[in-house]
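Visitor: Residue strings, one per chain:
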Amino acid sequence: MKTFASFGPANRIARTEETHPLTWRLRDDGQPVWLEEYQQKNGYTAARKALLDMAQADIVNTVKTSGLKGRGGAGFPTGVKWSLMPADESLNIRYLLCNADEMEPNTWKDRLLMEQLPHLLIEGMLISARALKAYRGYIFLRGEYVDAARHLNRAIDEAKAAGLLGSNILGSGFDFELFVHTGAGRYICGEETALINSLEGRRANPRAKPPFPAAVGVWGKPTCVNNVETLCNVPAIVGNGVQWYTGLARPDSGDHGTKLMGFSGKVKNPGIWELPFGITARELFEEYAGGMRDGFTLKCWQPGGAGTGFLLPEHLEAQMYSGGIGKVGTRMGTGLALAVDHTISMVSLLRNMEEFFARESCGWCTPCRDGLPWSVKTLRALERGEGRPEDLEVLARLVDFLGPGKTFCAHAPGAVEPLGSAIKYFRSEFEAGISPAAAVGKPGAEFVQA
Amino acid sequence: MTTLIKTDRFVLSDAERAAIEHEMHHYEDPRAASIEALKIVQQARGWVPDGAADAIGEVLGIPASDVEGVATFYSQIFRQPVGRHIIRVCDSMTCYIGGHESILGSIKSQLGIGPGQTTSDDRFTLLPVCCLGNCDKAPALMIDDDTFGDVTADSVAALLEAYP
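Residue numbers (the numbering used here), protein chains in the order written: chain A, 35 to 484; chain Y, 27 to 190.
If we strip away everything but chain A, and leave its shape as in the complex, we get (with noise of 0.2 Å):
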């Protein structure tokens, strides 16, 4: 047994070109849609449109009004960051990066579009680039993903061929050039002034901001980075307009268009699918991950990703839209839920999630260099029943000591939200971890030899 294609559901339910923007082409059978197919589906058309009928600002307007947020976890506006880019035309040489260092936990969409629509990220590259007057773009892919690299190196040697890529492209006179970068680990490296930071070869810790990248980005030139999923909406905004893109989500969302969205854990049919913006976390968890398993109940859920909070089954009312979430107290994150279940202890998940941020924290600001690592060694205590009964203090302490505006970027921020929010829904499991004896024993005391 190799490598498998993956992604049974999102391949299953019903798709139309009109409402499944990003995943209607997807072939039933899970494999790769090469050039040919992706043409004959329309592919490139509304690459054709932009760098030939559009004005370079009118692509940039198109995508502002669309209302698009970056697909990555954290939301902003991809209009915005994009005018973010400089208007001074002295400074010709830019760069757009793709950011496919996908390494979230519970996180599995882009690598979905990567292996199997390769050309729908390089012609949502290829419209961006034109936007963004870039010259030159690359795909910061983490290593792991072999099959995306492959098939996405294998893809732009097919669109070099048939000029897509390179000098004048369909006659426009516009010149890109793509090229896909492998990491070589960490999860720091999805932070963006960390992923220029390893793009030019160096140890990846985030960068000061300002300046941001749209001034200052990869060898000090305008930047712009921006996730899969968020450049494979450029196309199909470009090609059926605002008005069609508006209509997509359902009409109470403050978010517009589809959203790769998922459950995962002890849930009966895991999977992604492309789904409206303001559906409830209910109907994903319900109707498309189908419920638990049988002999399973749903003990509480985050609604994207590791650096996102824990909820609890009655806010599966919540709808999945950044507001919708941010309602009940977190973040959408990256849409792809995690259902937990009656049989996890909160403290033996908690201490196995901060063990895999304190490994990742980059070690630049000390905040999180030294607090995640002390919160593992607390919660570890308390998982085996050791704990003091300072220990909640202790945790709660850390959550605010390493929350936002606290430390250098948001990974030590993204680490205690999920700790917060255990604590706050789950507090007796934590205090269950104080040890009797320990709340009547001296500190130091167990140094001393009996």
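Think of the hints as simulated: they come from the structure by calculation, not from any bench. Check the hints yourself; a few may be wrong.
Stated by the list, open to error - In silico EDC-like pairs for lysine to aspartate or glutamate, Cα to Cα no more than 20 Å straight-line:
| # | chain 1 | residue 1 | chain 2 | residue 2 |
| --- | --- | --- | --- | --- |
| 1 | A | Lys255 | Y | Glu54 |
| 2 | A | Lys302 | Y | Asp176 |
| 3 | A | Lys194 | A | Glu211 |
| 4 | A | Lys167 | A | Asp87 |
| 5 | A | Lys255 | Y | Asp55 |
| 6 | A | Lys411 | Y | Glu127 |
Unchecked claim - Chain Y stretches covered by chain A per the calculated footprint, using a threshold of three residues with CB under 8 Å from any CB of chain A:
| # | stretch |
| --- | --- |
| 7 | 70-84 |
| 8 | 93-105 |
| 9 | 143-157 |
| 10 | 164-172 |
Here the structure is a predicted model, which means the values were calculated and not measured. Ideal Cβ positions, reconstructed from N, Cα and C, are used throughout, including at glycine.
Given chain A's structure and the hints, the job is docking chain Y onto it.
Guide: Just chain Y now, kept in the frame of chain A:
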């Protein structure tokens, strides 16, 4: 009496040098090829030996200390010898829920190694890895470039068989 231990100076092969020089041209600054250069050396030799940093630094025109700094930062660059096959067990919370700790236990009992260790016959090295993006098939693991999902403590032995 102190004995001088003489070690052979590290020399890049012609093929390695050519591959590194080819990579340099994809970037505005040769430094950007440093990670790829380390991967090229590792591919040929299984790991990055002492002295490689000097040789790579010389080709790229950057200090050896910078190359070493990069080599020790990234988890897929090995600065000590590893086994012929690398086992990477996903330790995301999704695989935790899926039971990845029982996979680690099974590997420990079969091969006698924990994360970060290599078997005494140099056949396997076991490493932890960030989410492999196979969450619908948790727990997942990779052996070399092959990814496996829905792995169980019992099925690991059969998977390992295929990697002599």
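Visitor: All hints are to be evaluated individually against the structure, with a verdict given for each.
Guide: Quick rundown of the hints versus the structure:
1. Lys255(A) / Glu54(Y): Answer holds: Lys255(A) to Glu54(Y) is near 11 Å, not above 20 Å.
2. Lys302(A) / Asp176(Y): 14 Å, holds
3. Lys194(A) / Glu211(A): 9 Å, holds
4. Lys167(A) / Asp87(A): This hinted pair holds, its Cα atoms lying about 16 Å apart.
5. Lys255(A) / Asp55(Y): 12 Å, holds
6. Lys411(A) / Glu127(Y): Answer holds: Lys411(A) to Glu127(Y) is near 18 Å, not above 20 Å.
7. 70-84: violated (count 0)
8. 93-105: Check passed, 7 qualifying residues.
9. 143-157: holds (count 4)
10. 164-172: holds (count 4)
This entry does not satisfy hint 7, going by the numbered hints stated previously; all others are met.
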